[in-house]
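**Q** Residues per chain, in single letters:
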Amino acid sequence: MKSSKMLIGVFAAVAAVQLAVPASLIVRHELTLQQGTVFRFKTAPVDPYDAFRGRYAALQFEENRVRLPTDKHFANGQKAYVALETDRDGFAKFGAVSDVAPKDKPYLRVHLAWPEASGAQVRLPFDRLYLEENIAPAAEQVYWQNNRRGQTNTASYALVRVRNGTGVIEDVFVGDKPLTQLVREQRKK
Amino acid sequence: MNIKHVQWLYDELPGLAQQGVVSAEIAEKLRQHYGPAPKADARRLTITLFGILGAVLIGGGIILLLAHNWEELTRPVRAAISFVPLLAGLGLAGWVLLEKSQSTAWREGAATFWALSIGTAISLIAQTYNLGGDFGDFMLIWTLLGLPIVYLLRSGVATALYWVGVATWALHARIMSGVELWFWPLMSLALPHLWRTARRDRYHPRVSWLIWVLAICVSVGTGASLKEQLADCWMVVYASLFTVMWLAGRQWFDEGAGVRRQPLQSLGAAGIVGLSLVLTFKAPWEELSWHSHWWASEEPLAWWRLAVVTLWPVAAMCFWGAALRRRDLAGKVAGVMPLLAALGFAWQDQAARKIGMPLVFDAFLLAVGVATVIGGIRERRLSVTNAGMLILSLLIIARFFDSDLSFVARGLTFVAVGAGFLVTNLFLVKRMKVAQ
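If you're matching them up, the sequences are chains A and B in order. Residue 75 is where the first sequence starts when you use the numbering used here, and the numbers rise one by one after that. Residue 26 is where the second sequence starts when you use the numbering used here, and the numbers rise one by one after that.
Keep in mind that the hints were calculated from the coordinates and are not lab data. A couple of the hints might just be wrong.
Residues of chain A placed beyond 12 Å of chain B at every Cβ, according to the derived structure [stated by the list, open to error]:
hint, residue
1, L142
2, A170
3, D178
4, D250
Listed below are the simulated BS3-like cross-link pairs for lysine-lysine, each with C-alpha atoms no more than 30 Å apart in a straight line [stated by the list, open to error]:
hint, chain 1, residue 1, chain 2, residue 2
5, B, K252, A, K146
6, B, K357, B, K379
7, A, K146, A, K167
8, A, K153, A, K167
9, A, K167, A, K177
10, A, K179, A, K146
11, A, K153, A, K116
12, A, K153, B, K252
13, B, K125, A, K79
Everything numeric in this text was worked out from a predicted model, so none of it was measured. Cβ atoms here follow ideal geometry from the backbone N, Cα and C, with glycine treated the same way.
Build the full structure now, drawing on both the sequences and the hints.
**A** Dropping the structure here:
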């Protein structure tokens, strides 16, 4: 009897932890979307056969490298904090990199790849946009048409909300329109 | 206690009592000592498997139905729906704990559904918020959250899923420069469940297939631990690992019937033969180059990694010592392999090494094959004899098609070895005639 009560108690504790983990994910990302600072990350040109995998668009960004401070050593894959600024066109750009979170400006928690003297690649916490499978092929077409190498007429960017190091994609825009809206308009034609 | 042995004894007792070998009183005392006759496993196994399959199909079907309408739902609704599989898993597990805790089928089915529902919930949240692809973090969180299921529902499936999850995470960590060394303590967290299950009956099917999963995951995790300079040690480490599996199986699980019930011996033997066959070629020996900057690693965990991979050669020598004391011929032969791999690893003259070591492993594999054939003949086990013939056939085929050797070299070698077989055959026939 005592052991079954203990078992139920342990089960309840485990259940609480298992519910708390996804709940904390939701709360953190929902707060970021509600209260986070808006940044526009310009998307980089893609190879048409790489952009879409399954039911999400794999996003690449023009801003993907960062200069490293000379007084600190970063290992491959190490977590770091990158301050965020805005360039004169209104797109996001990386500021200083540190191993502690800055207190006075927006920042992202990232992983650094292949650090060397000239800098390191940045692995952003957001790199995809999930899409319904019915519109994914058309979205792929639209995205590719506006992100081919050499294309300069239409700026594509991801609208990202940033809060306390967490970044959440709100939507992907082609020009001034969300990608999904463009696709639906094209389908109606 | 081996349930099959008990069943055999109960089958024999009536005949023995009838012939007067044991009295009826003693037969009854034996029955009382070993308890009621164990029931047949086949039907229970079917029920258990159907339970697991049913749970998986229901879970998959629900996911597909939700996916169809996903885009029409608002973000808060999607977030709320993300909890549904997990709540269902928890509800089912709670009910099984209260009402059906004695049923293996229910426990395993509930455990499977519960474990998968955790990953489903996290995946749905990731889709809702377009969360980035750190696959390693996802696997680690999912796997760790699933660990309590192993002990709460005493589930073998949950244990297997846990170990596969840890091995997957370790591989990802190895590729993405994470701390893959955590593989070892994480794997050990589920070992008490295996220990508890094996203590009751080490030859139970549940124990056998869990050991299969564990052995495969440990093989993967060992590879993941061989980082940077340690990568060149792969032949010594894997030779030791497979030798440990083979010898540990022979020491602790020797009475299992067939390949399925002898996971350590099966995987160990396959590994020893497979790796030896690879090492009979020049290519692995040409690429070996650990001597240049072995001690220069700046990795803070380099020494921990070295300690982990050194455990396998040490364990192999300990088991080999036990095999020597037991006069286990197959064990004695297999235990030589890590020493041969270490010899090749330490041989600094690259030109001589790439010629000498393939010959050494040719001789080793020949000895293993012949010892296996002889062992099979002695024990009158056709399967063992056939295994020995298979080893020899693989060696012959490998050398026949080995383009590094000239036709003359191959031809002379085959003639010499073939003559050796014929001479041995004559010798054995003469011995048999003398014995008769």
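**Q** Evaluate each hint against the coordinates.
**A** Hint-by-hint comparison with the structure:
Remark: the non-interface label on A/L142 is consistent with the geometry, its nearest Cβ contact in chain B lying 16 Å away (cut-off 12 Å). Non-interface call for A/A170 relative to chain B: holds, since the shortest CB-CB distance, roughly 22 Å, exceeds 12 Å. Interface exclusion of A/D178 from chain B stands, the closest Cβ pair being 25 Å apart, more than 12 Å. With a least CB separation of 20 Å from chain B, A/D250 remains clear of the 12 Å interface cut-off, as annotated.
For the hint pairing B/K252 with A/K146, the CA-to-CA distance comes to about 24 Å; that is within 30 Å, so the pair holds. Between B/K357 and B/K379, the direct Cα distance comes to roughly 26 Å. Compliance with the 30 Å bound is thereby established for this hinted pair. Of the pairs offered as hints, the one joining A/K146 and A/K167 holds, with about 21 Å between alpha carbons and a cut-off of 30 Å not exceeded. About 19 Å separates the Cα atoms of A/K153 and A/K167, which keeps this hinted pair within 30 Å; it holds.
Taking the CA atoms of A/K167 and A/K177, the gap is about 18 Å. The hint holds against a cut of 30 Å. Simply put, A/K179 and A/K146 have alpha-carbon atoms about 20 Å apart, close enough for the 30 Å limit, and the pair holds. The hinted pair formed by A/K153 and A/K116 meets the criterion: a straight-line CA distance of about 23 Å does not exceed 30 Å. A distance of roughly 20 Å separates the Cα atoms of A/K153 and B/K252; the hinted pair therefore holds under the 30 Å criterion.
Taking the CA atoms of B/K125 and A/K79, the gap is near 16 Å; set against the 30 Å cutoff, the hint holds.
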